[in-house]
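Trainee: Following the hints, put chain Z in place on chain E, whose structure we already have.
There are 2 protein chains.
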Amino acid sequence: MQSIGIVAPSSMHFAEPLALKSGAQIGDYTLVYETYGTLNADRSNAVLVCHALNASHHVAGVYADKPKSTGWWDNMVGPGKPLDTDRFFVIGVNNLGSCFGSTGPMHVNPATGKPYGAAFPLVTVEDWVAAQARLADALGIERFAAVMGGSLGGMQALAWSLMFPDRLRHCMVIASTPKLSAQNIAFNDVARQAILTDPDYRGGDFYAHGVVPKNGLKVARMVGHITYLSNDDMAEKFGRKLRNAAENNDYKFDFGVDFEIESYLRYQGDKFSEYFDANTYLLITKALDYFDPAREFDGDLTKALAQTRAEFFVASFSTDWRFSPERSREIVEALVSNRRRVTYAEIDAPHGHDAFLLEDQRYMNMVRAYYQRIWDQLQGAQA
Amino acid sequence: MQSIGIVAPSSMHFAEPLALKSGAQIGDYTLVYETYGTLNADRSNAVLVCHALNASHHVAGVYADKPKSTGWWDNMVGPGKPLDTDRFFVIGVNNLGSCFGSTGPMHVNPATGKPYGAAFPLVTVEDWVAAQARLADALGIERFAAVMGGSLGGMQALAWSLMFPDRLRHCMVIASTPKLSAQNIAFNDVARQAILTDPDYRGGDFYAHGVVPKNGLKVARMVGHITYLSNDDMAEKFGRKLRNAAENNDYKFDFGVDFEIESYLRYQGDKFSEYFDANTYLLITKALDYFDPAREFDGDLTKALAQTRAEFFVASFSTDWRFSPERSREIVEALVSNRRRVTYAEIDAPHGHDAFLLEDQRYMNMVRAYYQRIWDQLQGAQA
Numbered sequence: 001m002q003s004i005g006i007v008a009p010s011s012m013h014f015a016e017p018l019a020l021k022s023g024a025q026i027g028d029y030t031l032v033y034e035t036y037g038t039l040n041a042d043r044s045n046a047v048l049v050c051h052a053l054n055a056s057h058h059v060a061g062v063y064a065d066k067p068k069s070t071g072w073w074d075n076m077v078g079p080g081k082p083l084d085t086d087r088f089f090v091i092g093v094n095n096l097g098s099c100f101g102s103t104g105p106m107h108v109n110p111a112t113g114k115p116y117g118a119a120f121p122l123v124t125v126e127d128w129v130a131a132q133a134r135l136a137d138a139l140g141i142e143r144f145a146a147v148m149g150g151s152l153g154g155m156q157a158l159a160w161s162l163m164f165p166d167r168l169r170h171c172m173v174i175a176s177t178p179k180l181s182a183q184n185i186a187f188n189d190v191a192r193q194a195i196l197t198d199p200d201y202r203g204g205d206f207y208a209h210g211v212v213p214k215n216g217l218k219v220a221r222m223v224g225h226i227t228y229l230s231n232d233d234m235a236e237k238f239g240r241k242l243r244n245a246a247e248n249n250d251y252k253f254d255f256g257v258d259f260e261i262e263s264y265l266r267y268q269g270d271k272f273s274e275y276f277d278a279n280t281y282l283l284i285t286k287a288l289d290y291f292d293p294a295r296e297f298d299g300d301l302t303k304a305l306a307q308t309r310a311e312f313f314v315a316s317f318s319t320d321w322r323f324s325p326e327r328s329r330e331i332v333e334a335l336v337s338n339r340r341r342v343t344y345a346e347i348d349a350p351h352g353h354d355a356f357l358l359e360d361q362r363y364m365n366m367v368r369a370y371y372q373r374i375w376d377q378l379q380g381a382q383a
Numbered sequence: 001m002q003s004i005g006i007v008a009p010s011s012m013h014f015a016e017p018l019a020l021k022s023g024a025q026i027g028d029y030t031l032v033y034e035t036y037g038t039l040n041a042d043r044s045n046a047v048l049v050c051h052a053l054n055a056s057h058h059v060a061g062v063y064a065d066k067p068k069s070t071g072w073w074d075n076m077v078g079p080g081k082p083l084d085t086d087r088f089f090v091i092g093v094n095n096l097g098s099c100f101g102s103t104g105p106m107h108v109n110p111a112t113g114k115p116y117g118a119a120f121p122l123v124t125v126e127d128w129v130a131a132q133a134r135l136a137d138a139l140g141i142e143r144f145a146a147v148m149g150g151s152l153g154g155m156q157a158l159a160w161s162l163m164f165p166d167r168l169r170h171c172m173v174i175a176s177t178p179k180l181s182a183q184n185i186a187f188n189d190v191a192r193q194a195i196l197t198d199p200d201y202r203g204g205d206f207y208a209h210g211v212v213p214k215n216g217l218k219v220a221r222m223v224g225h226i227t228y229l230s231n232d233d234m235a236e237k238f239g240r241k242l243r244n245a246a247e248n249n250d251y252k253f254d255f256g257v258d259f260e261i262e263s264y265l266r267y268q269g270d271k272f273s274e275y276f277d278a279n280t281y282l283l284i285t286k287a288l289d290y291f292d293p294a295r296e297f298d299g300d301l302t303k304a305l306a307q308t309r310a311e312f313f314v315a316s317f318s319t320d321w322r323f324s325p326e327r328s329r330e331i332v333e334a335l336v337s338n339r340r341r342v343t344y345a346e347i348d349a350p351h352g353h354d355a356f357l358l359e360d361q362r363y364m365n366m367v368r369a370y371y372q373r374i375w376d377q378l379q380g381a382q383a
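Respectively, the protein sequence lines represent chains E and Z.
Quick note: the first sequence, position 116, residue 116 per our numbering, numbers continuous.
Quick note: the second sequence, position 66, residue 66 per our numbering, numbers continuous.
Looking at chain E on its own, in the form it has when it is part of the complex:
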């Protein structure tokens, strides 16, 4: 299978204000997006792919001028891939508040003429979905063949099935959860405290000061990254291997790097702090914390999901301790209680939460088979 090849982002400006769940609104805004494949004549083959914390509209392919810029789900989306772009018209949208092109904290607030910074309104999963629906309107897509996402992206897919029940045939929720646990929120708050207390954060207006709260972002990313990997996988990949093993295989007795795992995490943290926006990190973690569709139903997920009309594909990974299989099973059980059609795959995979992004034959085969079914349905509907 080959990659979809060279791709390029588009952007669309929305002049009508968007009312947000917080009560605030965004006056006008731009969404950056990419599409792959061709929309068919009856506009029935569109699939929306929703991104997670550290990703964007750039789902598949590469940019002409950046040969290493492969999209984050390139193994999943492309010609002949599980989500086959020879069949489906795939859309990736960068969410509001992100730092990868769509209107976000580093953009100019028309009200002040200065970057939004911490004044960018907190956006929720539901706000993102509302903005995505406007893009779908503009692209002439009344109903998606599927809305699909992993982790935070899965929350968006779930929100689509609740907010616009008739605008998606299939809802694909992977490595996700109906709401964060106290432990999930706790890790997010550690990350936020690391950023907020970094003196270079400057109350969110660091752009004006020509600084970046790199130390805070680094610590935030390090703690986040630990929760993306499984304990076993970390043990196997790093264990207690020393960074300087080749030299003398001894401890350094200082606060530099002794172990490979320290080197790896610090490197990941440093890299992240060089490209990710601190305000975006803060607001995305809040969107995660706030997501809880059962909340308006006294915590009853079954009642919440009674609004859905889509068919569901839910998948989880055995070693994912961030959003464990148990959390996916809650979604499945609530759907089954509502007599919805639901396919559930609990995949035995070693790579923790990150597994949803990685190549795994059983996982890919499941998604491929499910898209075959969607395709067969579409053919039947056309026949």
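A hint or two may mislead.
Just so you know, same-sequence chains aren't split out, so a pair can sit in one copy or run between any two.
[Said to hold, decoys possible] Pairs of lysine to aspartate or glutamate, EDC-like flavour, derived with a Cα cap of 16 Å:
1. Lys114 x Asp376
2. Lys241 x Glu296
3. Lys21 x Glu126
4. Lys21 x Asp254
5. Lys303 x Asp292
6. Lys241 x Asp298
7. Lys21 x Asp292
8. Lys241 x Glu260
9. Lys241 x Asp292
10. Lys21 x Asp250
11. Lys68 x Glu296
12. Lys252 x Asp292
13. Lys303 x Glu330
14. Lys303 x Glu333
Since the hints were derived computationally from the structure, they do not count as laboratory data.
Mentor: For chain Z alone, kept in the frame of chain E given last:
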């Protein structure tokens, strides 16, 4: 059962330098300690209790001038308690490098006339045990009835059984591990990075600048605290409860406190940052990372533990994901392979790693029964 009542610390100065595992040495130093109960005539009833990261020599009782200063294991140690001070002579020692009285980073380095700060040498679990052994010498204790500890304290008990096999009859290792995992080290390094990158850390010499790296310490404590609690316990105690639930039960849409768990963790972090020393935190996490008695035996714990002579009590807690029961079983299996006498209790308890400090009837009964056995042995030996 009543507390042991009013207690007071003692201190002992050691003029002879202590050679450390790192190759460095500490010229002279003071250890602060407390004792409870009475040493019997043949000096056979002494029990050494080793402390973990955030604790000290103050194991039981209260200080006369501080009615809320109850010792950290007061539920375990006292008259009629599982470790009964009517029978045993119990010693708690504050370890070198700590911030609770024994010589540590905030004390004056005789070589410079200024506080050690980051120049305080990195000390290991084995260095602590060597220092404790000198205190035992000074107190005239040739052989302990037991050396006991939880978590990092359990590592010290294990190190005693290896370094001084004939100086303890019983070794009691609770909620501990023969070595940290990559994930354990990763969390420690997040904590260290938070402290080291706090501008108020000032390379460890913050004392001279009249500041404290409170933000770094706060984040370090928050992430540590998450690993002390179980996921289930956190879910039950905090869940998604909002801090302002009584007011309007809505999200705040800012970066203040929304959830109870955020409030709790930030409070714990703030409190910790007001009394704990940043240099001590750094060096204790390194002592944790470095502990690995099997290292000199090509990673073979069975070979390492062949040096032991003591009888063992090992206990773990079902929901402890920091040092899970699996890690205790590694110790037990290595001991059994060496045909050592070992009692192992895997206790079904909801409170995660912190369970070793908490009241739990089954746990307390196990420890009580084990000390009864030690007592019976001592009576037999005297008869």
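Trainee: Each hint needs a verdict: does it hold in this structure or not?
Mentor: Hints versus structure:
| no. | hint | result |
| --- | --- | --- |
| 1 | Lys114 x Asp376 | neither (51 Å within a copy, 78 Å between copies) |
| 2 | Lys241 x Glu296 | between (49 Å within a copy, 14 Å between copies) |
| 3 | Lys21 x Glu126 | within (7 Å within a copy, 57 Å between copies) |
| 4 | Lys21 x Asp254 | between (49 Å within a copy, 13 Å between copies) |
| 5 | Lys303 x Asp292 | within (13 Å within a copy, 52 Å between copies) |
| 6 | Lys241 x Asp298 | between (48 Å within a copy, 13 Å between copies) |
| 7 | Lys21 x Asp292 | within (13 Å within a copy, 52 Å between copies) |
| 8 | Lys241 x Glu260 | within (6 Å within a copy, 38 Å between copies) |
| 9 | Lys241 x Asp292 | between (40 Å within a copy, 12 Å between copies) |
| 10 | Lys21 x Asp250 | between (55 Å within a copy, 11 Å between copies) |
| 11 | Lys68 x Glu296 | neither (44 Å within a copy, 43 Å between copies) |
| 12 | Lys252 x Asp292 | between (46 Å within a copy, 15 Å between copies) |
| 13 | Lys303 x Glu330 | within (13 Å within a copy, 46 Å between copies) |
| 14 | Lys303 x Glu333 | within (12 Å within a copy, 49 Å between copies) |
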